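So the sequence lines, in the order shown, correspond to chains A and B. For the first sequence, the working numbering assigns the number 848 to the initial residue and increments by one for each residue that follows. For the second sequence, the working numbering assigns the number 848 to the initial residue and increments by one for each residue that follows.
Because identical chains cannot be distinguished in the list, a pair is counted as satisfied if it fits within a single copy or across any two copies.
Derived DSS-like pairs (lysine-lysine); straight-line CA-CA distance at most 30 Å: (1) Lys-968 with Lys-1094; (2) Lys-951 with Lys-1072; (3) Lys-960 with Lys-988; (4) Lys-1009 with Lys-992; (5) Lys-905 with Lys-1094; (6) Lys-992 with Lys-1109; (7) Lys-988 with Lys-1023.
Think of the hints as simulated: they come from the structure by calculation, not from any bench. In this text, all values refer to a predicted model and were calculated from it rather than measured experimentally.
Next come the chains, spelled out residue by residue.
2 protein chains.
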Amino acid sequence: MQDKSSLPIGVFDSGIGGLTVVHSLLKLLPNENIIYFGDTARVPYGPKSPEAVRGYAKQDAHFLVSQNVKMIVIACNTVSAVALDVVQKESNVPVVGVIVPGAKSAIQSSRKKRIGVIGTKGTIASNAYTNAIRQFDSDAKVFGKACPLFVSLAEEGFINHKATEMIANEYLFSFKQEKIDTLVLGCTHYPILSEVIQKSVSEEVTLIDSGIAVAEEVKQLLEEKELQNRSKHKPNILFYVSDVPEKFTEVGERFLGMKMGKVRRAEGFLI
Amino acid sequence: MQDKSSLPIGVFDSGIGGLTVVHSLLKLLPNENIIYFGDTARVPYGPKSPEAVRGYAKQDAHFLVSQNVKMIVIACNTVSAVALDVVQKESNVPVVGVIVPGAKSAIQSSRKKRIGVIGTKGTIASNAYTNAIRQFDSDAKVFGKACPLFVSLAEEGFINHKATEMIANEYLFSFKQEKIDTLVLGCTHYPILSEVIQKSVSEEVTLIDSGIAVAEEVKQLLEEKELQNRSKHKPNILFYVSDVPEKFTEVGERFLGMKMGKVRRAEGFLI
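Bound conformation, chain A alone (with noise of 0.2 Å):
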């Protein structure tokens, strides 16, 4: 059997979000090689049908089984909450979405098991987290709000405006009536916000960055599956983008938390 180790980790998402789960990813698996894919010529996924996202999902692992990855990270949750089912049907590797290693860290960290969740629409509509936290705990109350805003917000770098905090104030306010100990942010668009999310909640509240807690079970995966990369070579992070990719790279930084490289176009997207 050949050894898969040194083989790529596939990670995509919509667009540029998922790149704060890329972030997560090589600052606790630093040694692995990583591919990324991000859809920016179809970007949003959130607003979208859940059939509409359920193609895209398809064509998005499509490409990132044809580069010979080890396993794929479905770095949004949008396609996690309505076509992990997609993913996994089109790939010959393991599959992992944000939902429910976002779920399970929300679960542990919940004493009162009030939790609330914020997504784009769809994650929300979905109700997937709600059902991958209730799998974890029957009785836990959880409390889901869109906030299709903070995705723009986010992108435009209105990250500590006053503009942002009105409206994180008012998307999350209904929060502090259901006395929530815990908010997972269920798109990977949020953690850039999360100062602002902080400030609107209530330092008390803890946040659940899903993108952590996927890095965490991905690190768990790739021990199980002895699938971790032993090469002592630096380890190649590749960008792809189904749109052309001259001014991902601006964005994508604040995203990343780091210097990108160069960043390339994936063939056969555009028409």
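Chain B: place on chain A using the hints.
Just chain B now, kept in the frame of chain A:
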């Protein structure tokens, strides 16, 4: 020769924004049949590359041509700015974009010939308005500013919201120093936010809604080509989208300013 006058006018946009143009068409040309197509499976076009937008525009035009329309109105500034030629090549009927009518209307309104243009990143980067305005008056001073957050604020219903005011003030404050007397709303979403925009640039500045300018252009063209619908039947207004039709109606009616009836799914866009 077949009498084409009772055929519908085809109108398309990346999604929902073009409904403000339909609103103007219905007002000025209440006797015309209209088929609207919104590419909701791939919305928005504004942040995407000209290459991607040109590919999508080709498919959108192809859909309207297949519906046997007598004219195509590109109710999207981004497409009008970067893909007018693609739509013309794909169509065997007259094509009207929003840029030239908007530019003409701006130059007619401006006394100081100092004109501001706001739009998506794609529209502003293309300089299409600047070039079109200078065709009418080569001495005109044109100041462009991309306002990407306006699209999601309009779609999410943050219309007369304090946060929208703050963001508008930030985007638009330079126009005061540039002493413009006319501002082109160079994105079909922006008329929804016209109150906030007007307040931000001061009451003295004339706002140009390119939807109204386009409707006038369409009226003139129909007269020139003797294509006005003279049928006594109540006109048909049909709406098609590329993603599933649910959810389109709610926001759509705010943009259209009236009830929409059934929204249909255009086949062949989802994978």
